[in-house]
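**Student:** Here is what each chain is made of, one letter per residue.
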Amino acid sequence: MKIVVCIKQVPDTTEIKIDPKTGTLIRDGVPSIMNPDDKSGLEMALQLKDEYGAHVTVITMGPPQAELILREAYAMGVDRAIHLTDRKFAGADTLATSHALAGALRKIDFDLLITGRQAIDGDTAQVGPQIAEHLDLPQVSYLQDLKFDGVKTFTMKRHIEEGYQMLEVDAPCVVTVLSSANKARYMSVGGIVDAYQKEVEVWGFNEIEVDEANLGLKGSPTSVYKAFARGLKPAGELYEVETDEAVGIIIKKLKEKFILN
Amino acid sequence: MDFSLTNEQELFQQMIRDFAENEVKPLAAEVDDLERFPIETVEKMAKIGIMGIPIPKQYGGAGGNNLMYAMAVEELSVVCATTGVIVSAHTSLCAAPILENGTEAQKQKYLPKLASGEWVGAFGLTEPNAGTDAAGQQTIAVEDGDNYIINGSKIFITNAEFAHVYVIFAMTDKSKGTRGISAFIIEKDTPGFSIGKKEKKMGIRGSATCELIFENVVIPKENLLGKLHKGFGIAMKTLDGGRIGIAAQALGIAQGAISETVKYVKERKQFGRPISGFQNTQFQLADMNTKTEASRMLVRKAANKKDKKLPYSVDAAMAKLYAAETAMEVTNKAVQLHGGYGYTREYPVERMMRDAKITEIYEGTSEVQRMVISANMLK
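Those sequence lines, one after another, are chains Z and U.
Those letters in the first sequence? Residues 1 to 261, by the numbering used here.
Those letters in the second sequence? Residues 1 to 379, by the numbering used here.
Here chain U stands alone, though its shape is the one from the complex:
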């Protein structure tokens, strides 16, 4: 057993850190403040392969692995959680299910454009009445000759406004519940398909979270992803992978808050000395760092198992549960240690605390993760 990074991984981490520090961090406050999707960052990430890290070279990807991908989402989220989730949703929720379930023709058609970042990807499962209870899908797809006709809507879709390709789910046999759901690939300009209301969110405010609306959207049968009625399994498996990305995002947010706090407590003086000299500060920092490092180990373990093609569903659930709750706790403490200044937008910990909350909710709430983990223990 070896907990250290290889030279290759260290070089990769050095590159991502440089990129995050120089290209992503300077925009983080503005992206949050103006609720602006950082399209220029996406273009820069595309140029150096960040939009296709775990996609094989034969499909135009970088040929890296899931551990590198998780490290990238972590480092990006250290400085900007919006940028972290853009990469995570694009990679884990759109490119990955096409790679894992697509026909050769689908892979050839979509993966090179997604991996190169020419196209941004999104994923549509959640509906107003189907959140954790994904079986409550009301979007329907009806067979019509060589096509499917899709009607319905999706909400809370990350990247929605700027994506070119969407992996979405719809009922193909309503009588069968989860066994009547199928997955489809939909392109941006398909007639009848439109982007609805953009959400005004607490955190990750630049990630362009919108509704998707389907009004008699006709798509050819070759856009069915995986087998008919097998969409629920595809969605669950996709979310298993997505959880590694979100866990990495949460980990990055926690790490970012720690870095900011360490800097602040050395500078901030009260009672004639830096507040880093007080034992309360020291003990809080120790707890923050220990939990964050524990999160990192869980994230890397889950990613490593995925890379080794071992079952990783429970590992991903544990990583996401722990990293998300750690991110919330650590950012809360970071704001507390910053005092009144931490409550203002002059310091990034205020944003980080708002960004952290979503990691306990999306791609499976913490309650869902507990269900996954305990179900495995009690089976």
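So that you can see chain Z by itself, here it is in the shape it has in the complex:
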């Protein structure tokens, strides 16, 4: 079995702050990480590798520094890493991104394509499904679990609002995975040492199969009207008291703020 996992480097949003004046992200000093949903998807692929000897390729589209997550993937145990990077891809929204990735995936043979459900920086959950559409493959999103019959059929547990949906899908197909599906393994020390001995294939526009009009800013119909930060509120005070006492506290507070006289 051949598996491809799409991964993305994102700022660690648990450590991110927003400039209250400009409404933009303060990226200084914010570490970059492998997107959690993608990492969970990668773990799913590596488990299939452990069990069935699957060959696992990772691919990412991003600037040169995104190479770090490909090395990380090598250190976790993948077999091949492809870095999709070209100035022609710059400024892409989800549609242009999915076109570029699909263009690369046309050049790779696979039975299963795994993406994370969504990236923690954009939170759109669009790229995985869009790739499936471009490649005309069946897709199952929001995966919580996946089992393989060892031949060609996957049994999938899909998270939906009311509960779970169970499906059987034949390869080839595309799935998007939730971060809660797997706890990703740690990189191994030996894997990290080896990761820097291995080749990361760098692919640009010339290596992939895509219409240039669908790429970069030109291929991006999305435009951002306005981005703003929600105002910060200080933590409130919590009182667990009887009603009479609570009324007294509220009146006192309102008087302190000159709302009541």
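It is possible that some hints are incorrect.
The calculated lysine-lysine pairs, modelled on BS3-like cross-linking and capped at a C-alpha distance of 30 angstroms, are [to be verified]:
#1 Z/Lys49 / Z/Lys257
#2 U/Lys266 / Z/Lys21
#3 Z/Lys183 / U/Lys113
#4 U/Lys113 / Z/Lys257
Simulated from the structure, these hints should not be mistaken for laboratory data.
Starting from the known structure of chain Z, fit chain U onto it as the hints suggest.
**Tutor:** Same frame as chain Z, now just chain U:
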């Protein structure tokens, strides 16, 4: 000259930090409180190669270097100094002397099991009457045909209770003093070899520090490590390497105390504002951080020299001396900045201050480090 980490080292640091935060930190208070050896952590570390970082791949190790090893001990000790010393004693004091002095057969037999973490390693030099004065060894090994018969005891042996293989030292010619000491490899289940009293310690309470007892222990001659009567040199060289590990442990303890203190002083309010707003707090933190960063540079320099196969004995002594004294000073200040809460076990700085003290004592006291450093200056 470049003080920054390579991408590979940064990736490694990120992995170790994640591991320490998620797998080691949650157990730190319990390991200390119950004096419990964290065997489950050792198994987890084994699985991802932390028990064999600087061991070459041909012997089943991760094929990393001493700088990575020092970074690992540092990051583990940030959250749990017990875990830091388990890795340090195992790697520097057992796997390293076998790698550096062993025959090919010894390396093939022991290193893959140690590097994979299937076996834990320990080191036995100290005796009740032979601490800093290692020449006062009373454990003796007598030649008997194809074997040696060992009698005596060792104390304060880290990992003792959970180790499978021990590098130990014994007198093979008592008349020759330090030139009559030899090194041996002993396996756990050898008849006559037993683990004695477990120490109740001030700090690093989970590290299973015990006596080793040898009563007519018969070991084959192929378990002699290095040449006959050359054990003292092996012990000293091994401790040079070990000091990088302990310096890294001390550095980690200091860093851990700083992280806890920074968090605390931002939250703790007195006189209507966070205590981080007081200049006393700010100046204390500045001193703590400066000395810790200086320790880090000394540790990395010593590890880097070892990796480059340059003489590093004095560098390791300086790193250990400075990092250990910094750990003691920084944890003391951390407790002070925490006030009364810092004296309770509700906050980890209390444990860190107890853990820090041993770094000034084991693998060569601070006084021994000063001897090593000044002897080199005055020779």
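**Student:** Now tell me if each hint is right for this structure.
**Tutor:** Against the structure, the hints come out as follows:
At most 30 angstroms may separate the alpha-carbon atoms for a hinted pair to count; lysine 49 of chain Z and lysine 257 of chain Z exceed this at roughly 64 angstroms. The hinted pair formed by lysine 266 of chain U and lysine 21 of chain Z meets the criterion: a straight-line CA distance of about 24 angstroms does not exceed 30 angstroms. Using a Cα cut-off of 30 angstroms, the hinted pair lysine 183 of chain Z and lysine 113 of chain U holds, with the two alpha carbons roughly 28 angstroms apart. With a C-alpha separation of about 70 angstroms, the suggested pair lysine 113 of chain U and lysine 257 of chain Z falls outside the 30 angstroms cut-off, and the hint is violated.
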